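Engineer: Each chain is listed here by its residues.
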Amino acid sequence: MIGLPAYLVLGALVFSIGLFGVLTRRNAVGILLGIELMLNAVNINLVAFARFNGDVAGLVFTLFTISITVAEVAVGLAIVIAIFRVRRTVEADRLDLLRG
Amino acid sequence: MAPSVWLPLLVLGLPFVAFVLLAVVAPLRRVGPRAGLVSIGAIALAFGAALTVWTEGFVSETTWAWIPADGGPIATVGLLVDPLSNAMLVLVTLVSLLVQIYSLAYLGDERPASLGRYYTYQSLFAFSMLGLVLAPGFLQMFVFWELVGLCSYLLIGYWYERPAAARAAVKAFWITKLGDVGFLIGIVLLWSATGTFEFTDLFEKAQEHALAIAGLPTIMFLIYLGAVGKSAQFPLHVWLPDAMEGPTPVSALIHAATMVTAGVFMVTRTEPLFALVPEVLTLIAWVGAFTALLAATMACVEADIKRVLAYSTISQLGYMMAAAGAGAAYAAAFPHLLTHGLFKALLFLAAGAVIHAVGTNDIFRMGGLFRAMPQTGVVFIVGTLALAGVPPLAGFYSKEAVLGGVWEAHLTGPFLMLALTALLTAFYMFRVVFITFFGRAHAAAHPHEAPWLMRGPLWLLAALTVLVGVRLALGGAEGHEETPAWLAPLSVGLALVGFALAWAMYQRRLIDPARIAGALAPIDYLARRRYGLDALYAGLYRGFILGFSRLVGWIDRYLVDGVLNVLTALTLRGGDALRRIQSGRAQDYVYGVAFGLLLLIVGAQLWR
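Residue numbers (numbering that gives the first Met the number 0), protein chains in the order written: chain A, 0 to 99; chain B, 0 to 607.
In short, the hints are calculated from the structure, not lab data. Note that this is a predicted model, so its numbers are computed, not measured. Virtual Cβ for every residue (Gly too), placed ideally from N, Cα, C.
Over 10 Å on every C-beta distance to chain A, these chain B residues come out as not near it, computed from the model:
1) A1
2) G77
3) A192
4) E203
5) G366
6) L466
Part of the chain B face toward chain A, derived, beta carbon under 10 Å:
7) L577
8) R579
9) Q581
10) S582
11) G583
12) A585
13) Q586
14) D587
15) V589
16) Y590
17) A593
Pulled out of the complex, with its shape left as it was, chain B reads as follows:
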C-alpha cells in the first residue's frame, strides 16, 4: 500500500487499537492514569501520522466492498483522503491529544476506574471522528456520525451519578437523533434515486447534470437536518448548553472543536450536491445567521462561564453554516471551522483551568483572577481576541471570510444578523473576561495557577491561534481580494464597539448593566428564558413521550395483562371443576375401568 493510504489508515487505526485495548483489558483500564497514557500515546502517534499526511498533501481514495451484491457492492467502506479531510485529521488529532493530556491533570482526582473509562470513551471518540472525516460515502459517514453521537452521550453523562448530567446526556442524544432521522431518510432517498452512497460518484453525476432528480431539494433538506441536530442549529440547538454538564475537557473537544462541527464538515464535504439546490442553501444561510444571533443574545445574559462558551459555540456554528449556505463552504466555512476549533478549545480549556481553581462555574462568584492565575488569563484573552475577530489572530481572517462570503452571495439579511452577532460576540466575551479576571476579587477564595499538564496545552493552543493568524495574515492575502475593502475595518470596528461596551459596563461601571437590561426588557426577558425553547421541548417531551408511554402502559396493563389474567382465571376455574371427578374412592376408579372395558368391548363388537 502506498503511504497515502496506510498513513491515514494508521491515523484511524491507532485510536481504535487504544479503545479496544482499554475496553477489553479491564485491569489496564482500572489503573486510571496509565490507561490514559495508552490513549494519549495512540493519539500522539496518530497526530504525528496526520501531520505527515497533511504536510505531504496526500490525496487518495481507497474503498473496500462492504455490502456485496450482484453488479458491484451496494456500499463500501474506505478512506477518502483529500485536503479537506487532511486538515480535519490534524485538527481532530491535535485537539484530542491536547485535551487528553489536559484531562490527566483536570480529572486527576477521579477514581482510577472512572478515569480509565473516560480514556476508553476518548479513544472511541477519536476513532469515530476520524472515521467520519475520512468517510468516502454517506453510509460510512452516517455510521461514524452516530458513533460520535454515542461518544458525546457517554461523555456528557460521564458523571452519571449527577441527575443533571444524566438528563443532559439523554437530552443531547434525543435532540441530535431528531436531526439524524432526517439525515438517514435523506441518505436512503438519495441512494434509491442514484444507486450510490459514494461522494465521488455523486459529485460526478452532479457535474454531468445527471442529478436532476425530482425532490432533490427535499432530499438535501433532509440531509441538512442531520447537520442541524449535530451542529446545534436553531431550533435543535438546545442540547448543546446542557451538554456542558460533562467534564470541561470533553466540552472543549466534542462540544466545541470537533463533533459539533461535523455538520459543517458534512455540508462542506457535500458542497457540490448542495450547490444544486440554491433554495436549501439560502435556507441554510438564514438559519445559520439566525442561530448565530439568537445564541449570541443568550450568551450575553448567561452567568455560567461554560454556558457562555457553549452559546458562543452555537453562534460560531451559525457563522459557519451561514457561510456554507452562502456557497462559500470551502472558502469561509471550513477555515472558520479550523480556526474556531483551535481558539474555542483554548477558551474551554482555559475556562476549565478557572473552574478547577475556583470550584464554580458562576462568573459572578469569580473576579480578580488575573492576579492569581496570570498565565490562564493571558491565554483566555488570546482566545477571546481571536473569537472577537481581532487581527492578526486566527479568528479575524476566517470571520472576515464568512462575512465576505455572505455579502458576496447578496444575502443582506443574514449579513446584518452576522454583523450584529460580531458585535455581541466581542461584548459577551469581554464581559466574561472583565468579570472573571479583572473584577473585585472574592476574599474567601485562594485560586492558584493550574498544573503544567493543563497549562502546556493552553499555551500550545494560544501559540497556534496566534501563529495561524500570522500565517493567514502573511500568506492568505490572495483569498481576501474579492471581499469589499470596507469589510475588514467594519468587522474590527464591531469588535471594538463590543469591547468598549463591555469595558464601560463591567470594568468602569460607566453604564449600569441593569439599565441596559431594562431598556431591552423583552429581549432580556426572553434570552434569560432561552426564548422558551427549552420549555417548549420539555412540554412536547412530556406531552408526547410521556403521553405515549402512558398509553403503552395502559395497553400493557389492561390489554396484554388482561388477556393473560382471563386465561389464568379460566384455567383455575377449569382445574377446580375437573378436580371433583377425582373422588379418591377405589371403587369409583374400578367402576370407571369396568365401564371403559365394557365400552371397548361393545365398540369392538359394533365396529368390527
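Chain A with its partners taken away, still in its complex shape:
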C-alpha cells in the first residue's frame, strides 16, 4: 500500500513541472498547459487527502475543479486566439503592452 506522502510528492512534482512550464514557455498555449498541470496537481492532493482521511468533500471539490478547468481552458484559448488576431503572435515575451 502506497502512503499519503508519495501522493503528495507526486502532486508537488506535477505542480513544480507546471510552474516551470508557466515560467519558461514562450508560447501562450504552452503556458495554458502549464496551468493545467498545476491545477491537476491540486486535484491529486485533494483526491489523496479524500482517500486517506475518508472524507468525500475532497472528491466533490475535485469534480468542481475539473469542470472549472474545462471552462478556464475554453476562456484561455479564446483569449489566446483573440490576442493572435490582434497582435499576430502568441509569443509571451512580445505581449508587453503594460510595460512601464
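Assemble chain B onto chain A, guided by the hints.
Structural biologist: Then chain B, alone, in the frame of chain A:
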C-alpha cells in the same frame, strides 16, 4: 455713567460708528455724497459733544482692563479727559467737520464709490485721532498713533492711480515708521522699568522721584523719536512735502492741523516725564528750532503752493517742538498747536479753493486772483497774517509765547534760529500772497469763486482765527507777563521786515529775486535740492532695501528653489530607474509571485 465719561465716549464713538457703517454697508458707501452726509452727521454730533465737554471743563479718568493678568491688568484702555484733551477734542472735531463739509464740494467730481471710500477713511481718521487724544496710557496711544498713520497713508494715496501719490503714501508710511520703531521700543523699555503704561501712574512716580531709572534719557529719547517721525522733525521731515499728493482737504486736516501735531501733543502730554531728562529737552529744542529754520528756507524757493504750506507746517511744528523742548509745552507749544491748527487748516483750504479754481499748484502760473476770487483772497490773507504773527490774530500770541518760552530757557541758539524763521515765515507767505493774488493775471484762465460749501468753512476758520486772537488779546494778558517787554515789538518787527521784503521783491519788483538768489547762491542751491536729504533717503532706500531685496531674491531663487529643484530631479531619476522593473510581461510577474512565495516558505521554515 457720569456725563464727564459718556460725553467723551460719545465723541470717540460717533466717528467709529460712521466708519463701521460706511465700511460694512457697501451700498451706502457707493452712493458717495450721501455717505459723506453720514460721516459729516457723525462728526457734527461729535463736535457738539466735544464742545460741551470743553465748555463744561470735564475732568475724568476711566479705564477698563485690556490685557488681564495676576495682580492687575498689564494694560488698560480708557479715556483721560482733562483740559489738554478737551481742547484737542474740539480742534480735531471742528477741523474734521469743516474739512468734511468742504470736501463735499472739493471732491464733488469724484466717482461716488471713491467719495464713499474717502469718507470712510475720514471717519476712521477722526476716530483714531480722538482715541489718540483721549489715551490714558502709552499703549493705547501707540495703537491709535499707528491708526492715524494708516489713515494718513490711505488718504495720501487716495488717488492711488497716480504713481506720485502711491509713492508719496509709501514714503510717508516708511519714514514715520522709522520713528515709530523708536517710540515702541521706548514704551516697552519704560514699561519694563516701571511696570505701567498709564500716564497718571508714571506722573505720580515722576513726582515722587521714583523714576530714577538708569537709561531714562535713552528711553525718553526713543519715545521722542516717535514724535520726530510723526511731527516731521529734522531729519525725518521729508515725507510731509510729498504727502501733499493727497487731496487738499486731507492735507489741511491730517498734514497740517491734527495728525502731524500728534507728536507735539504726545510730548506735551508726557511733559512730566520729559522734565526729568533736561538733556533730551535741550536736544528737542535744538532740533525743533533747526527744523523750523531749515523748512522755512525751503519754503522760500518752492513754487508749489501746497508744498510751501507743507514746509511752513514743518517749520511751525519745529516751533512747537522748540517750545516743548524749552519746557514750555503747556504754556507755549500747546497753544501754538491749537492756533496753528486753525489758521493752517484755513490756509490749506483756501489754497485748495485756489487750486480748484485754476487747476494748478504752481504759484507762477497763478496771479491776479484777488480780483477773481476776493473772498478766498481775504481769508488767505487772514491766515497769512496769523501765520506771520501779526497782532491781534491768533498766531501772534502763541508765537510770541513760543519765543518767550525759548528765551526764558536761556536757549540763545534756538531763539535766534526761531527769530530768523519768523522773518522768513512772513517773507515766504507774503511771497505766495503777492504772486498768487496780486501779480499779473494770466489771460487764459478764468478762475471763479469756490462754491459756498467751500467758502463756508473758510469764513468760519477765518472768523475763529480772528476771534481766538482777540480773545487772547483781551484775556491772555496774564500769560505774557513773564516774557520780556521787547519780545512783542521784535516779533512784529520781524514779520514786518519779511512782509516788506516780499512786497519789494514780488509786488513792486524793486529788488530782483534772482539777484538775492545769486547773493545767497549756496543756500539757494541747497534749498532747491531740499538739502539733498530726499536724495540721501532715496539712495539709502535703494541701497539698503533694494540690496536686501536682491539678496532675499537670490536666496529664494538659488537656495530655496535650488533644494526643491534637486529634490524633483532626484525623484524623476529614481522614478525613471524604477520604471524599468515593470516589464509588462505576465511571466515576469508570475515569476516574482512564485519566487516570493518560495522565499516566504523558506523563511517560515527557517524562523519558525
